[in-house]
Amino acid sequence: MSVAQLQVARGERVFLQGASGSGKSTLLSLIGGVAVAQEGRLTVLEQDLTQMSAKRRDGFRAEHLGLIFQQFNLIPYLSGLENVLLTGRFAKQRKVTRNEALQRLLELGIDQSLAAKPVTELSIGQQQRVAAARALVGNPELIIADEPTSALDSDTRDTYLALLFEQCKAHGSSLLFVSHDQSLAERFDRTVKVTDVIEWGQA
Amino acid sequence: MKLMTLAWRSLANRKTTSLLTVLSFALGVILLLGVDKVRTEARQSFINTVSGTDLIVGARSGPVNLLLYSVFRIGNATNNISWQSYQELSQSKSVDWAVPISLGDSHKGFRVLGTTTNYFEHIKYGNKQPLRFSEGRAFEGTFDVVLGAEVAHQLGYQLDTPVAIAHGAGKVSFIKHDNLPFQVVGILAPTGTPSDRTLFVKLEGIEAIHVGWNSGSPSASSLKLTHKDFENKTLEPETITATFIGLKSRMAAFHFQRMVNQYREEPLLAIMPALTLQELWQLIGVAEKSLLVVSALVVFSTILGMMITMLSSLQERRREIAILRAVGARPYHIFFLLGLETLVITLAGALLGWLTLYGLLALVAPYLMDMFGFHMALGAPSLKELYILVAIVGASLLMSLIPGWRAYKNSLSDGLMVRV
Chain A
1 MSVAQLQVAR GERVFLQGAS GSGKSTLLSL IGGVAVAQEG RLTVLEQDLT
51 QMSAKRRDGF RAEHLGLIFQ QFNLIPYLSG LENVLLTGRF AKQRKVTRNE
101 ALQRLLELGI DQSLAAKPVT ELSIGQQQRV AAARALVGNP ELIIADEPTS
151 ALDSDTRDTY LALLFEQCKA HGSSLLFVSH DQSLAERFDR TVKVTDVIEW
201 GQA
Chain B
1 MKLMTLAWRS LANRKTTSLL TVLSFALGVI LLLGVDKVRT EARQSFINTV
51 SGTDLIVGAR SGPVNLLLYS VFRIGNATNN ISWQSYQELS QSKSVDWAVP
101 ISLGDSHKGF RVLGTTTNYF EHIKYGNKQP LRFSEGRAFE GTFDVVLGAE
151 VAHQLGYQLD TPVAIAHGAG KVSFIKHDNL PFQVVGILAP TGTPSDRTLF
201 VKLEGIEAIH VGWNSGSPSA SSLKLTHKDF ENKTLEPETI TATFIGLKSR
251 MAAFHFQRMV NQYREEPLLA IMPALTLQEL WQLIGVAEKS LLVVSALVVF
301 STILGMMITM LSSLQERRRE IAILRAVGAR PYHIFFLLGL ETLVITLAGA
351 LLGWLTLYGL LALVAPYLMD MFGFHMALGA PSLKELYILV AIVGASLLMS
401 LIPGWRAYKN SLSDGLMVRV
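Residue numbers (the working numbering), protein chains in the order written: chain A, 1 to 203; chain B, 1 to 420.
Mixed in with the good hints there might be a few duds.
[Stated by the list, open to error] Below, computed lysine-lysine pairings styled on BS3-like, alpha-carbon distance capped at 27 Å:
| id | chain 1 | residue 1 | chain 2 | residue 2 |
| --- | --- | --- | --- | --- |
| 1 | B | Lys176 | B | Lys233 |
| 2 | A | Lys92 | B | Lys289 |
| 3 | B | Lys224 | B | Lys108 |
| 4 | B | Lys409 | B | Lys384 |
| 5 | B | Lys124 | B | Lys248 |
| 6 | B | Lys224 | B | Lys176 |
| 7 | A | Lys117 | B | Lys108 |
| 8 | B | Lys128 | B | Lys248 |
| 9 | B | Lys289 | B | Lys409 |
| 10 | B | Lys409 | A | Lys55 |
| 11 | A | Lys117 | A | Lys95 |
| 12 | B | Lys2 | B | Lys409 |
| 13 | B | Lys108 | B | Lys228 |
| 14 | A | Lys92 | A | Lys169 |
| 15 | B | Lys2 | A | Lys92 |
| 16 | A | Lys55 | B | Lys176 |
| 17 | B | Lys128 | B | Lys93 |
| 18 | A | Lys95 | B | Lys2 |
| 19 | A | Lys117 | B | Lys2 |
| 20 | A | Lys55 | A | Lys95 |
| 21 | B | Lys2 | B | Lys15 |
Hints in this document: simulated from the structure, not taken from any laboratory. Just so it is clear, the structure is predicted and the values come from calculations on it, not from any experiment.
Can you build the whole structure from these sequences, using the hints too?
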């Protein structure tokens, strides 16, 4: 599999559309710095991930990225707040204070008493908001969201997306939003099809 | 949030498994430390049975045999030594003191030891501690008897209680010297040695109850003897069982021992109790060592069990690990996290086991002393116990490398996107 080209401008909201099995996950692993490209260049925020050691890529992810998954985003034995505070735990620059975490949670509709609860007591929608807060704290340059709304019903999905956009805009984060759901595409600045980015076969 | 907090919360999240692992760890520690403690104490109280005695001389048999019957009052002498030999030996230049003992009779299963007043002065135990009277005094008259602490305690005897001594060493005896009862004049303080289970009388007392017994059973007239018949009579024994000897100089011990072993008048055997005690301990030490090996195996299987639990929990924790990786945790953080969890569990288990053991010992110690005369010194924990605990925790940490390695590999291959 090879990736032809994918560019996301700063502050841009890109919708990456593709069915499961289309190589999305591998692409995200590459951008997230967990997998490493065999050849070519992968530049995220002007830094070439292919030239970094595994350790530096982990550090890069801790400092500059925010990730939101489809579901099971949270460590089950921690509270919402504690989950948010995990961001920055492994980073040097990106430090997250308790107040900042609470503030961000509040902006996403999770008040202090909800944030103190074990995450297993929260609804799926609330869990995804906590996950978004965790990705957004410390103002990362890039948010990668992998089907974060697929487990939500349409009403909660809409509010969720609105909140996510608002937050990204407020803090100047770019958003790479991955989904198979075509109907969401119109809300983004730009839509890219996975099939356009990835070519199967020989590299 | 510190990694330690994460480890702690993760363990708390799996409360039942964590607690069970801690408990099984504690059990292993109790077993291993307990066995080690008992064996150290047993050895100590064993080695401490005689002290201050340079040599024990008895009729020629085996050194261990002589030690067993003279010191531990187990089994019987195959032969006696003559009073004459005893006197010659005790008057030897290098001898400081000699205490004769005569065994062969009993009272309700406890051995009766005929000796001289010197016994209470010279025969010591532990770290040269003398025998102490908790009540009364040493014997003076022919029919005075001094009781070991346990004898008095178990039979409920006090000063002035009359005691009838039975012939032979068995618990049930058909021939009793009850025409000539003894009277309790003293009770010894507990020592944790066989002295606690012994009745002490004068050699003359032993002689008196055996007058007319030359054939091995009492003659009709001897059974009619009373205390009156022995007034103003001196009784000199013909034979004694063994003698404890203290030398003026310990340097002379080997020389004197050789002299006794080559004694021309009759076949004698001299042993140095400290050496023979060691020898005997090595003999029974095999059982004690295998017990230690078994408990070490139990601890090992506990550690193994913990590792298996961790390995099987990894599958359900893949997601959790992927999340940590997503927020930037490096593989070695995952490795440490598992190591910390192991550390918490083993430390808790070790501490719990150790405290429980000491609690149990404190509860059981007086009972052991009562039932078996086995003195269990609680004391401060030894450095050795600390080493054992450190070794257990260390071994567990080493074992945790395996699940740690697995988690590390998983986290690399799973990346951020685990499909659950």
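Here's how the hints hold up against the structure:
Taken as a hint, the B:Lys176 and B:Lys233 pair is honoured in the structure, with Cα atoms around 22 Å apart against an allowance of 27 Å. At most 27 Å may separate the alpha-carbon atoms for a hinted pair to count; A:Lys92 and B:Lys289 exceed this at roughly 54 Å. Between B:Lys224 and B:Lys108 the alpha-carbon distance is near 22 Å, which keeps this suggested pair within the 27 Å criterion. At most 27 Å may separate the alpha-carbon atoms for a hinted pair to count; B:Lys409 and B:Lys384 exceed this at roughly 38 Å.
At most 27 Å may separate the alpha-carbon atoms for a hinted pair to count; B:Lys124 and B:Lys248 meet this at roughly 16 Å. A hinted pair counts as satisfied when its Cα atoms are at most 27 Å apart, and B:Lys224 with B:Lys176 qualifies at roughly 12 Å. Straight-line distance between C-alpha atoms of A:Lys117 and B:Lys108 comes to about 72 Å, which puts the hinted pair past the 27 Å bound. About 16 Å separates the Cα atoms of B:Lys128 and B:Lys248, which keeps this hinted pair within 27 Å; it holds.
For the given pair, B:Lys289 sits about 41 Å from B:Lys409 by alpha-carbon distance, which is inconsistent with the 27 Å threshold. Between B:Lys409 and A:Lys55, the direct Cα distance comes to roughly 15 Å. Compliance with the 27 Å bound is thereby established for this hinted pair. Note on A:Lys117 and A:Lys95: the hinted pairing holds, with a Cα-Cα distance of about 23 Å set against a maximum of 27 Å. Of the supplied pair hints, the one linking B:Lys2 and B:Lys409 holds, its CA atoms being roughly 23 Å apart against a limit of 27 Å.
Under the criterion of a C-alpha separation no larger than 27 Å, the hint pairing B:Lys108 with B:Lys228 is consistent with the structure, at around 26 Å. With a CA separation close to 24 Å, the supplied pair A:Lys92 and A:Lys169 stays within the 27 Å bound. Restraint check for B:Lys2 and A:Lys92: satisfied, since their Cα atoms lie roughly 14 Å apart, inside the 27 Å limit. Between A:Lys55 and B:Lys176 the CA atoms are separated by roughly 90 Å; this puts the pair beyond 27 Å, and the hint is violated.
For the proposed pair B:Lys128 and B:Lys93, the alpha carbon gap of about 24 Å is at most 27 Å, so the pair holds. With a C-alpha separation of about 13 Å, the suggested pairing of A:Lys95 with B:Lys2 holds against the 27 Å cut-off. At roughly 19 Å between alpha-carbon atoms, A:Lys117 and B:Lys2 fall within 27 Å of each other, so this suggested pair holds. Taken as a hint, the A:Lys55 and A:Lys95 pair is honoured in the structure, with Cα atoms around 19 Å apart against an allowance of 27 Å.
Of the supplied pair hints, the one linking B:Lys2 and B:Lys15 holds, its CA atoms being roughly 20 Å apart against a limit of 27 Å.
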